[in-house]
Amino acid sequence: MFEHDVLIVGGGLAGSRAAVAIAQNEPSLKVGLISKVHPIRSHSVAAQGGMAATLKNVDTEDSWLAHAFDTVKGSDYLADQNAVEVLTRSAPDVIIDLEHLGVLFSRLEDGRIAQRPFGGHSYRRTCYAADKTGHAILHELVSNLFRYGTKVYLEWYVLQLIHEEGEVKGVVAYCIETGEIEVIRAKAVLFATGGYGRVYNTTSNDFASTGDGLCLTATAGLPLQDMEFVQFHPTGLYPVGVLISEAVRGEGAYLINDQGERFMANYSDSHNKMELSPRDITSRHIVQEVRAGRGIKRGPFVHLDVRHLGREKIISRIPFAREEGMRLLGIDCIDAPLPVRPTVHYSMGGIPTTVDCEVLGVDRKPIPGFFAAGECACVSVHGANRLGSNSLLECVVFGKRAGEKIGAYVQDRPMPTLEERPYVQEAEKLIKSLLNKKGTARIHDIRTALQDAMTEHCGIYRDKQSIQQGLQEVQKLKERYEKDLNLDDRGTIFNMELMAALELRSLFTVGEMILASALQRRESRGAHYRSDYQQRDDAQFLKHSLVYLSQDKTGIETNTCAVDLSLQTVDPERFIPQERKY
Amino acid sequence: MKVSVRIRRQASRESKPDYQTYSVECSEGNTILDVLNKIQWEQDGSLAYRRNCRNAICGSCAMRVNGRAVLTCQNLVGEELEDQTELLIQPLGNLPVIKDLVVDMTKFWNNLKKVDPYVSTASRQIPEKEFLQLPEQREKLQSAANCILCGACYSECNAAAVNDDFVGPHALAKAYRVMADNRDDRTKERIEQYNQPGGVWDCTRCFNCNEVCPVGVEPLDRISQIKQTILQQEKMEDSTALRHRRTMVELVKEDGWIDESKFGLKVVTDSGRDLKGLVSLIPLGTRMVVKGKMPWPWKFKPSEGKLEIKALINAVSQHLKDQRKI
Amino acid sequence: MTLKYAYYPGCVAKGACKELHDSTTGIARVLGIELVELEKASCCGSGTFKETDEFLEDTVNARNIALAEELGLTMMTQCSTCQGVIGRVNDKLKYGEQSQRDHVNQYLDGHHYQGTTEVKHLLWILVQDYGLDALKQKVQKSLNGLKCGAFYGCYLLRGQTVTRYEDPYHPHSLEDVFTALGATPIEYEGRTQCCGWPLASYATNASFSMAGRHLLAAIEAGADCIVTPCPLCHLNLDSRQPEVEKVIGKKLGIPILHLPQLIGLALGLNPEQLGLSRHIVSTSSVINSVLSR
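These protein sequence lines map, in sequence, to chains A, B and C.
Here the first sequence is numbered in my numbering, starting from 18 and rising by one per residue.
Here the second sequence is numbered in my numbering, starting from 248 and rising by one per residue.
Here the third sequence is numbered in my numbering, starting from 637 and rising by one per residue.
Only chain A is shown next, with the shape it has when bound in the complex (with noise of 0.2 Å):
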């Protein structure tokens, strides 16, 4: 059995941020960091359009209570008012913090981090690194895992959390290269394991993308948030669905139909902010346009347009993403449009905590000696809807506020006690049952299916029939995992079917927590849209969603919360949920 004072689960942004915190602030306690790739491989590496902060750098009337305001507001009011006032206060400081850490932001002529223009943001206040801001970030953060010497338990998986006597302990370990297993129990453990883009067929997101904390947590029994906002991004190149970045959009890119129109402009809701409107609004006109028959060709996509912008420009500004158009289809987009639909990017939901990243039971208590921070967290900062550029921000805000206040929070903490060998044994026969799967059905088949069951049941547009239907496949598909699925590699070093099986398991109650929670919340809001419930119905459902295995673990129970409205009495008439105009 290994010990540490703090463990932390997922090496991106937000678990190297709470990792370096420790280091600076508390460089004697014993950390360890536990990532099923290198921290450096982590999908934060892939995050291209830039963190937002109102530095004003550009706009000097920006404010922290604006920038409140746009994410509220973006959030379709279903965001956590108090925990979106900790994210935009501590943004500059939080960015600045970075840069003297050594990352390289983009700058104005003046040597000044620089900042641009992003959707649903009504300042220009994201700052940048050209068009591979996570890639920036995430290297100086990692570089510094090196030099504070963190110890990393680099491609180790976790099997499941020690959740015991109401608190959590530590977690069963998984040695990928090995096939070793181990308990290592914590004073704290943080996750930060990241989404869940892999359960849809179409995703920006990378294979690793599983969304294993999500099912470690409902496994140990305990609540997942807000699970039904799945944001699609409208830009995903068709057809891999790897993202060209919101940055495109805020250089001045246009959205074409077949028919050569800038079709944001024909809808009541996009008519003014145009291409820079909120995700889930591009997403679903662009799937209007292709349902109307306008997509190009009458093709499943529409077009990219930057050739206006200019070849210096597109060079300097976007270059990632004309280098995505030219490898994978061979386009330039300084001479031709890129095709895009919207892909599976970013998940609003996950595991609920306090604005301190504690994670809340399912009687809304924190459970010690367990904190969440970064996408897998729902504090909640994004509601039903997120903005670009709030992710990056939320990653490092509160991967640093966890760091800090975990540090403090295990000085006066025990080691908890636990008997490891149950867990090793079960975990081991796990293991085993898994290694010894000798059917007919190769996984990736059974995972594809799940991929398409879930993008076409509960997709952009869901109805209660869909999602029952949804539902149905999900459980019939793991059923079929059960008692059909075969394994080609039986052994025990590096075996990535091995770790496909694990991960198709999370895939599995991840579908399920999200099927579960759209068919309970009977409105539209922000990504959420009921084709059967058109209309946002705050008197219901401005409520945040909450869904949890059942006592036996046969079921899923839903429940709900209320979302913290704070900021109403700083300014009544912005916070005050209204109609979701741009």
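These are computed hints drawn from the structure, not numbers from a lab.
Some hints here could point you the wrong way.
In silico DMTMM-like pairs for lysine to aspartate or glutamate, Cα to Cα no more than 25 Å straight-line [unchecked claim]: (1) K523(B) / E881(C); (2) K772(C) / D860(C); (3) K168(A) / D363(B).
Note that the structure is predicted; figures quoted are calculated from it, not measured.
Given the coordinates of chain A, work out where chains B and C should sit on it, guided by the hints.
For chains B and C alone, coordinates are given in the frame of chain A:
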């Protein structure tokens, strides 16, 4: 189209490697990673390899394709099969194999750590807001900043293949990135550090790193830039490597062509002061004389343009000196 | 046909590897290629000037190129390193901004770089300009099965990025020349890699390990000799072969030929003219195998 894919398999660290050939239905526009995925998902789940973003940014999927390292999510089947009839896929070079195409990158990471790859601002007065960094200052760092730590350069590095102490092109590219960052305060120490054995002078200038880097870092050019900084220092402790570079310029300035015996004596023996160097040249000198290869000083003919060349080098050197003062 | 080139000899071909200059001029005569030696040229810096300063490398070599331009001729190199260095400078200035050329020309007193010529290695000249069929016609003594391993040299394959003659990892022009001369090309691992020369004066272990690996691989693949278009590679592979053997702990004894020496033998020139006695590792096995037919 049907493509033949020959892959180097290895069951574990200690196992003997073997080759296995698969036939895959794919198109010219598919990436090599697409092909690997097809094999793993549809034909042989035991095939092990790393991959994550499939968008040329995470650096997971570098491996050798048709004899040299590429980022498999970036290179296309069509390009690879232009001159070859099958796809040959092997793990990255210079690193021990864990299984199939998965290598142990510990040495790669440890070497990176050796150059202190983080921006140090400890001794600076930390401003309340951001440090200023002009666009031109930032532009200098762009190539090096593109690095995704994929390992392709390290895989093909001829120097790393024979010298375990050489930190490698990835580390030196990162070294340049931090050294040249105006915010970093450890320039003096870094210059000393990268000048040591294991640093820049152990690079053999084979151009492989420049050739295989998938994201335009051009590590060899970054190494050159570090060397430029070192050579510009006035108070650098003398070494054979530094003498080599200085002597090249001096001799060309003097004679136009290089007088090889003068060169050998100056560089290797430090004009007779380095006894060990002198001794090391004796066997070479002897055999050259015996075989009639000895470039005797009296046989050396300077260039007919030597005066022009001297003037040119003097003028350029002065210009460079003036430029640096600005 | 009369081909005429501005001949850039390089430093080593006039000194420690004088046999290279002799064999190049020898085969040029037989093939009817006219060479006008650039006697006012200077050393190219062998890639090290750039480490002092890129501008130094650019100006020194722009001057070299200008000398060829003044003759209205393509510059011929006979050294992979010279080719890579001077070729790279030519590409940079020729296809770059006018301001770069202007800046360089400010320092070229009495000369003017215009970007009107090419820098081409003897190997490319033979393959492209002269033609392998024409070369074949001139063969007097077919090399009959002599097993030749090519050693290209890094700078030839990867030094230039704009002007490229072939795939740096799967080149075949040397092997094509061998075939045209009646020899048998032997491919082996390391033929496109580094000989270690750049490290030879101060990191001898690494330098000779590199040379050793590749020579051993060639021998194990069945090569009777190595043929290289670079005299610097030649120095490390031939004149340092005794040190190389010590470092890798194995006997090698494989003769290293300059490309024009191999061609010269096939064209009927005698070994003396080709300087084949001026090698550290004896070339008599090669000479005997060719002449005894």
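Hint check:
Note on K523(B) and E881(C): the hinted pairing holds, with a Cα-Cα distance of about 20 Å set against a maximum of 25 Å. The suggested pairing of K772(C) with D860(C) holds, with an alpha-carbon distance near 21 Å, which does not exceed 25 Å. Of the supplied pair hints, the one linking K168(A) and D363(B) holds, its CA atoms being roughly 17 Å apart against a limit of 25 Å.
Taken one by one, the earlier hints all hold for this structure without exception.
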